[in-house]
Amino acid sequence: MAKIHVNTTINGAPTEFLCDANQTLLDVLRDTLGLTGSKEGCGSGDCGACSVMVNGRLVCSCLVLAPEAEGVKVETIEGMAHGDKLHPLQKKFVEMAALQCGICTPGFLIASKALLEKTPNPTETEVRYWLAGNLCRCTGYDKIVSAVLDVAAEMRESAR
Amino acid sequence: MSEIEYKVAKTVAEAVKAMVAAKGRGYILAGGTDLLVQMKSGARTPGVIVDVKKIPEMVSVTEKNGSFTIGAAAPAAVLGENKKLRKAWPGVIEAINLIGSTQVQGRASAGGNLCNASPAADSVPALVAAGCIVNVAGPKGKRAVPVEKFCAGPGKTTLKPGEIVVSLTLPKRPKGSSDAYLRLIPRTEMDIAVVGVGVSLTMKGDTVTDARVGLGAVAPTVLLVDKAAKALIGSKLDDAALSAAADACSAACRPIDDKRGTIKYRTKIAGVLLKRSAMIARDRINGIEHRGHRPA
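Note that the protein sequences, when read in sequence, are chains X and P.
To convert a position in the first sequence, counted from 1, into our numbering, add 523.
To convert a position in the second sequence, counted from 1, into our numbering, add 896.
Be a bit skeptical, because a hint or two may be false.
Unchecked claim - When the alpha-carbon atoms are kept at most 20 Å apart in a straight line, the in silico SDA-like pairs for lysine to any residue are as follows: (1) X:Lys-596 - P:Gly-1058; (2) P:Lys-906 - X:Gly-594; (3) P:Lys-949 - X:Arg-580; (4) P:Lys-1038 - P:Ser-937.
Just so you know, the hints here were simulated from the structure itself, not pulled from any lab data.
One chain only, chain P, in its complex shape (with noise of 0.2 Å):
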């Protein structure tokens, strides 16, 4: 027999309630991709299972004065399949539409991956150069979080008991503003990061004028590198910009030995991919598409 409850909430108010009551038992059910592969395993076992697909603000997009609020469970397809998002945010999008195949695309959502909390997450590092705001409601109501300062370390995020993610707010572009986002797998598909960078830039003319670099798999949590943004700022993107950039990325890497990569690959690497990052987004601001490999 069952000692599971299913319940959906209509309301955030109802899956806060609804989380407070479950007294830490409680798991928040979006797209389920990373939820129920740790229930079949006993990784998780929850008491109270809180479905927040019915919420229309948990599962929509939208746009206020050129910003962006993405519903915290709205399917990744579903976000790909948003042409205006994709147009402001394509580093974005296409972090979020690498995660797992076709079939998990259908269901897997941007804020189940940031709460998931593993420091490989590929949406989490475009995020954090996105600027991103986490939009959190609890019991003591609600609060923004910056996503880079959300996750606490692997599996672990700093929501208070009873809180959940509603939504996450991409700020206002200005003009001449694109982002990417690159990582390293040792395959073309289906798998977890080595390396994961994101990087959105602003120009006028060919003068970086503003960047944020968000770096993943080689911290307890992904980093938002103020260092590296800091060599772009001000350059064209030259060598020596570029160099002192990834520099930055490399010296900021803390990470691990694994099956998936070394600790001296990974640090090379995070450099690596910051060069090319930047020159993606660089190419958007000038109108130059870069895509993958699925239909749009």
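Extracted from the complex, chain X is given alone in its bound form (with noise of 0.2 Å):
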């Protein structure tokens, strides 16, 4: 059967690919466009480290088949920092360690971002809640809560 071909728009950058059907948005990704950033660990939607933002709504890129990405807008973790210039919440994971192997981390990050956005003051319950679907087998989640709450407090305090 002949290839699909999708025109979509991947961290502000147009982008073509071609896929089957069958093959996810997390599979083009990572196979076609070399954006291996997003990382498989299920598959089946439960650990959150393919999370991606398609049109600004966070979804796990594994779930999501990959001609729907026709005329939508992916953000991925590549487009997270500017250049050489770490995100607020990139940062804090490196200084705060919350992260050791690292397979989960982009997923956490971009979860957290997408927190940030809709909820600028989350309380501790907020964040556990909302990153309850990204885990994670080493650090443990105390750190990454108190990173994502120490980024919440200063961009509060520089957006003054």
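Make the complex out of the two chains shown on their own, each in a separate frame, by following the hints.
This is how it looks when you write it as structure tokens:
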């Protein structure tokens, strides 16, 4: 069967690719486009390692079919830093050692950014529930949650 | 090489036509949070995937004379952000917003949750309590199905070949009405209901004038428990009425034993959750808010 031609926008750049009907957006990001920042943990929407934004909405890219990317805006972890300038969340994760092996980190960063854009002043409980779909098997969640709360406070301070 | 075809339908008629042409191998793609997982596991092998998210009436929420119609493919997160809908049907929306993680909420839909036909689907007991009507379109035209009659068993619906669910209609609310949904899971998030109970109440003063009760995860399909509703109607939600309604819920249970809960446990919990849900619905009628833990 012929491949499907998809026109999309990834991290602000118009992008086109060819895919099969049953390929996921995650497959195409990693294997076709070489954007390997989004990880495949479970492949079934449980772990959040493949989190990306699609039209401003946090989703698991393993549960999006690649042809669904036609005409949408996709944001991945590769678009989070500006050159060498890390996003405040990325900086804080490094400073506070909110990661060990790093597999879950891109997903946590994308999900945390989405939270702070929607809710600049979250409670700890809100952070924990928002991030319940992101699994970490090494750091434990405390450092991650602390980092997100710290960044939220700093971003509110600098927005004054 | 892939043998699967991906089609985008722009209208309900196009989607129905594609489903008819697929001769039983067609699957509707809304949020895909069940379908893609089932495809990966081999549980479902579609020949044609029909994406319905470009059909305006299937992804939007409309209100007409106090009655809401929810597009079957509208993402749960979008429904949760709809303040008017949340105010009118807090129980339906809290049930829909309990499905999966934040990421899953960005895609999963009420129509998909219904069509997946799990007895433990979180949105369905609340929709049953709400008196929801399922709007179905098919090759022979449209029909409307009460939600409690929609599922036929685990994984099975009453949809006929070529039929699709277009939207869900919630009736106009009389003054003094509200609803609530509670489920029991072994952890606090991201799990499947051991028991789920939806209660919708209408009250005049402190007396219940109308009630509906939906009960999930305790039978092959979600149940409408008329006897529990009758025990509540006419009462002031006193202990005797709540106990009678709880007993009616327990009596309606035909659950299975599995790793999540035993028959005995599920049967008891059904009654406990009925009482608590009814009291939350009453609180809401009296302007007392009950909210979940995710940011609104």
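Status of the hints after comparison with the structure:
| no. | hint | in the structure |
| --- | --- | --- |
| 1 | X:Lys-596 - P:Gly-1058 | violated (32 Å) |
| 2 | P:Lys-906 - X:Gly-594 | holds (14 Å) |
| 3 | P:Lys-949 - X:Arg-580 | holds (15 Å) |
| 4 | P:Lys-1038 - P:Ser-937 | violated (33 Å) |
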